[in-house]
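Asker: In case you want the letters, here they are:
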Amino acid sequence: MTGPEQVAVRLVLNGERVSALVDSDATLVDALREDFDVTGVRIGCRNGDCGTCTALVDDRCVKTCLVLAGRASGSEVRTLEGLGTEESPSAIQQAFMECYSFQCGFCLPGMVFAAEELLDRTPDPTDAQIRDALSGNLCRCTGYQNFVRGVHRAAEIRRDGTSQT
Amino acid sequence: MSRCRVTFPGSPADAAAALLRIAEQGGRPLVIGGGTLAVPWLSQGLVAPTDVVDLGRLATDRIEESAETVRIGAMVSYQQLIESRVVAARLPLLQRMARGITGGIQIRNQATLGGAACAARPYSDAPGVLVALQVTMAVEGSTGRRNVPAQDFFVGPERPALSATEVLVDMAVPGSVLDRPSGYYKLKLGESSWPVVTAACLLPRGDDQQGCNLVLGGVGDVPLVVPVPQADPGELDRARVSRAVAERVEALPPDRLWGDVRADRDYRRRVAGEVAYRAVRRAVESREGAR
Amino acid sequence: MPASTMSFPKIDAFSFVGGEARYVDDLRPPALLHMAVVRSTRAHARIMHLDTAAAMGVPGVVRVLAGPEVATHLQPLPYSFGDPQLLGGRRRRFDALPVDEVRYVGEPIAVVAAENVRAALAGAAAVTAEYADLPAFLDARVFLDGQASGPPEELRSHVVAENRFSSGDAAAAFAAAEHQLRLSFSMQRSSAAPIEPRGYLASWDESTGRLTVHASHQQPFQLREQLAQVMGLAEEAVRIVVPRVGGAFGLKMTGPVEEPLVCLMSRLCQRPVKWIESRAECFLGGGREQYHDVRVAFDGSGRVQAIRDDLVVPIGAESPAPGWRQAFVSAATFPTAYDVPNVEIRSLVVATNEPPWHSIRGFGKEGPVLVMERVMDLVARQLGRDPADVRRTNLVPREAIPHRMPSGYLIDSGDFHAVLDEALALADYERLRVQVRTAGGPDLLEGVGMAFEVVPEGGGHAAGRLTAGVAPTAAAPESATVCIDASGHVQVLSGVTNPGGGNDTALALLAAAELGASRSMVTVVQGDTDRCPPGTGNASSRATSVGGAAVVLAAREVAGELRRSAAAMAGVPAEQVVLRDGAAHLPAGEEVSLAELCRGIVAEGRGSSLSATRSYQPKNLHPGGETDVYRYSYPYFSSGGYVARVAVDPRTGTVVLRGLTVVHDCGRVIDEVLVEGQLQGAMAMGVGLALLESWQADPYGALTTRSFKEYLVARAPELPSFTIGHHAVPTPNTLLGSKGAGESGVGGALAAVVNAVDDALSRAGAPPATTFPLDPPRVLALLAGGGEAP
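Residue numbers (numbering that gives the first Met the number 0), protein chains in the order written: chain A, 0 to 164; chain B, 0 to 290; chain C, 0 to 789.
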């Protein structure tokens, strides 16, 4: 029989070194929420379908419900909280606010990080490229239309640098 | 408290040793590759393993090109396949398949080709493509390494030719299939849907005497190799391909046809010829384009 | 400019994109326990034995509760939205957990509380049950046969209600009919599936005897009332707080048994207890399924003389939640926007051994829209006429509105012909109609389809003549408190809640406009039963139209007081004071800031703030010359014309939606961006119902669509951007003339897309599409000449 077991998880989380003893069968999304008090990743399906648990892990856009916390130990993790500030939001954050891209906001972790990764690779995407990039995230409120507008607007902000005050 | 013990082996041999230990103790192991299938089973309580072997630190995530082969590590992600210059130049079939993986940027970053192979789901993209590419699967066990041709690796639905103490190390793509014109077509019910029917096609390179490799996924319980008449690829019209597919499917015992919640056997059988034809057509087009 | 001062379409926008917004699962009080639910694996069975001992042995498990123990603590659950008899329905007793009989696969049979989620799940998995199976009733289509003579005796025990509505003399009209059509339609069961599932956090405080429940919920006041009753508490002892809600779409109304169970668990364990639904649990619920046997009589011009519909609506297992009430609304909404002189609707509402219905966006109005729009297209096809012309021939003309429907529902306002014509123009329908006939080829079939949708809204789903013995119905009020403090800050407290769309922004805008304040001076508080005046939460597309009216009335009163104070200071009549840009403007050109004014009022000792609370009830203006008296019912109808364009791959059956256009009438538009956001989401859901979404179970009643990989919801690549126009015909029944936005779009998009696919298929010789969704296997079956693929 196996007994209770925990694993030490050390992360650079939104720029800060953190560590905790985490149940070894816990997923990264559980550890981030339960042990590191992050709310910018959420649980919508625990199945890799909805995307709302998305964070950047070592600069890759990842669904954290599909990763055991122990595997992520040693990684750099960035969540919505670590992206921009109210005074200086990221281009995507700014554009999504301007364009009424989201309604309930529950899906935003996936939408924001997928859009960030798209614009990093493809600074001036087409509608089809945007829709493909967002395809790992489910939104039930918006029909995605204003997210597409928002990503175009963010591309514009990144080019013109009008996001910064 | 954890419901099970979790280990992170650092090499395929360590992983095999860990699996052997679990087997000797009468445990129930769960092996996690990319995590996109096994982690949800675990976190939703659909499986109750005593031990989890997480392959995240296996360092089998490289793509290596040699004179004779291209070796793809079991933990190579779809995004790595998309970004690899070698894959783009010599294995466009694999790259095209990787671009079409359901689940967006995140899943392409996380899901692995090797994991999809080991899951051996009849409807998924990878098995048919691996069979079409005549890949050799290298498997590590406690008694050493063995090679399994892809066609023998897929034994049945969700049944790979892996024992409980073995892990997949890499997949070797032979030189004979590199640089060949190829086409891939996937039919699914919607963006959220796993594939329903897939077809992968490799045409002969130039004027050499290789045949045309045509493999269907999602029709039988394992990838179906469709014998295609030795003909000028230009003559592979819809009727000829559909007939070849129909003959192959008819030859299958009914209980080996695949059906699931997405689509029944009948629908799969009806569209198989067309899906195959589209893969062939794309391959022919890529060959024309290369000229 | 810092983001905080910008006027985004949604107030408080950064809290969302910055990850700070708190949803119920983000709340983690100290000593928190987590609950998991043990569910029946049988569709219908007697519970012979339930063993919870092993679960108590799982590390971390604190308490396990099953039916017999729960029955000693909890009263039966009351029906939400009033007695079933309002809808001609039978009553039933509902206990939180069954003691001896389970009625569907997935029915809760026990609950487990543990120190963390994983331990709770392991505990739940350790509970074992032995059953003796009983016959399961899973396919209500058996009722379709011989429905005219009433349901056969052996099936009567499944009938929850029979709803019949008629007008004119259908039998005579059919006897004299020039043309007739008989059509069957099957609409699939579908699920609300918000991305955030249901969730509750119950905190019992033994020292005060108070229960606080944080809930992802649409109806905090109704939840308070029900919990108080079931727990045997005074309403004042229960506080409901709704944090951010990750979408609801009808799912999060009062009635599911987990609501009292999580509260009981907290009281028994003397610790806070949280239950968050899993995705597979969330998919158990469903709605909308209905089977229609429709007969239509019409003349050579396409004028429909009579319609008769025998429908069967399987509502799953009976439940106190309001979902089953949608069946009544489906029948009562016939014949939608059309003026059909002879109507006969006979609806059987049937209980099955599937999970209970939950409410879903559209609340039963999508089914009749789909059926009537299919009928209009097929009448047009039989006569070789343009479907637009057939609709024009049958739509209720503007001058005939207000128009009483056979059920007693009252169409209050609208200009259906104008809305349809504007939609056709916006979509360039005439050009599309030609184009789809010439484009495409053997590899691609193109189609264009239209739909006209009416959506009765504003609350009031029961209907009918108010004759002797019929219980009257009344409009539920909404209320709001508006206060402004000594710093000039405005607070709006409202009884309506926000499931995510942003009606808080609309309420802030309305208050700001009355007070001459800027939007940034206003905060909105919703969803807290201790702080807010009572209301219906989020239901029936009334948050802004009715809830907003209450805000306006309260704000007007505060504004009047401000004007009087400014007038008194300056010695001018109050009517000459204008509130604008955060200040009171006096005739001489001087101005006093609202903050300064309020400081003066506070200094006079008239309280720490200026405050007013008002409530508002929508009206039900009856048509002139009507002699019968009717129950109060839905006060306003929004309407819309929809045009869809699709391409069908005839060799695989896949459908691509190329475009979807709407012209919508929601009366006065309070905020265009918010209204269009509601439409976009609803239309996306409608597209999903047409092509993708389908709840499925195995032959034993167990759910097979347990994840988003089986229950297919539209993703970004398969939707086009929608084109939206407005045609506002204000309703006389609300203060602001605004009607609903929220439910509109589901039925219209669904019917237009279905009609477009059918248009494409019909030119390839396929029979009419009558079974939904039109997924690739079904489309291919239609093209092969059959329609009833499984």
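Treat the hints loosely; a few may be bogus.
What the hints assert, rightly or not - As a list, the in silico EDC-like pairs of lysine to aspartate or glutamate whose alpha-carbon atoms are at most 20 Å apart: (1) 708/C - 254/B; (2) 708/C - 249/B; (3) 708/C - 697/C; (4) 708/C - 259/B.
Everything labelled a hint here was simulated from the structure, so no lab data went into it.
Asker: Now look at each hint and say whether the structure bears it out.
Answerer: Now the hints, each set against the structure:
1. Between residue 708/C and residue 254/B, the direct Cα distance comes to roughly 24 Å. Violation of the 20 Å bound is thereby established for this hinted pair.
2. For the given pair, residue 708/C sits about 29 Å from residue 249/B by alpha-carbon distance, which is inconsistent with the 20 Å threshold.
3. Pair hint residue 708/C plus residue 697/C holds up; C-alpha atoms about 16 Å apart against a cutoff of 20 Å.
4. Annotation: proposed proximity of residue 708/C to residue 259/B holds, straight-line Cα distance about 12 Å (limit 20 Å).
Consistency with the previously given hints fails for numbers 1 and 2, ordered from lowest to highest.
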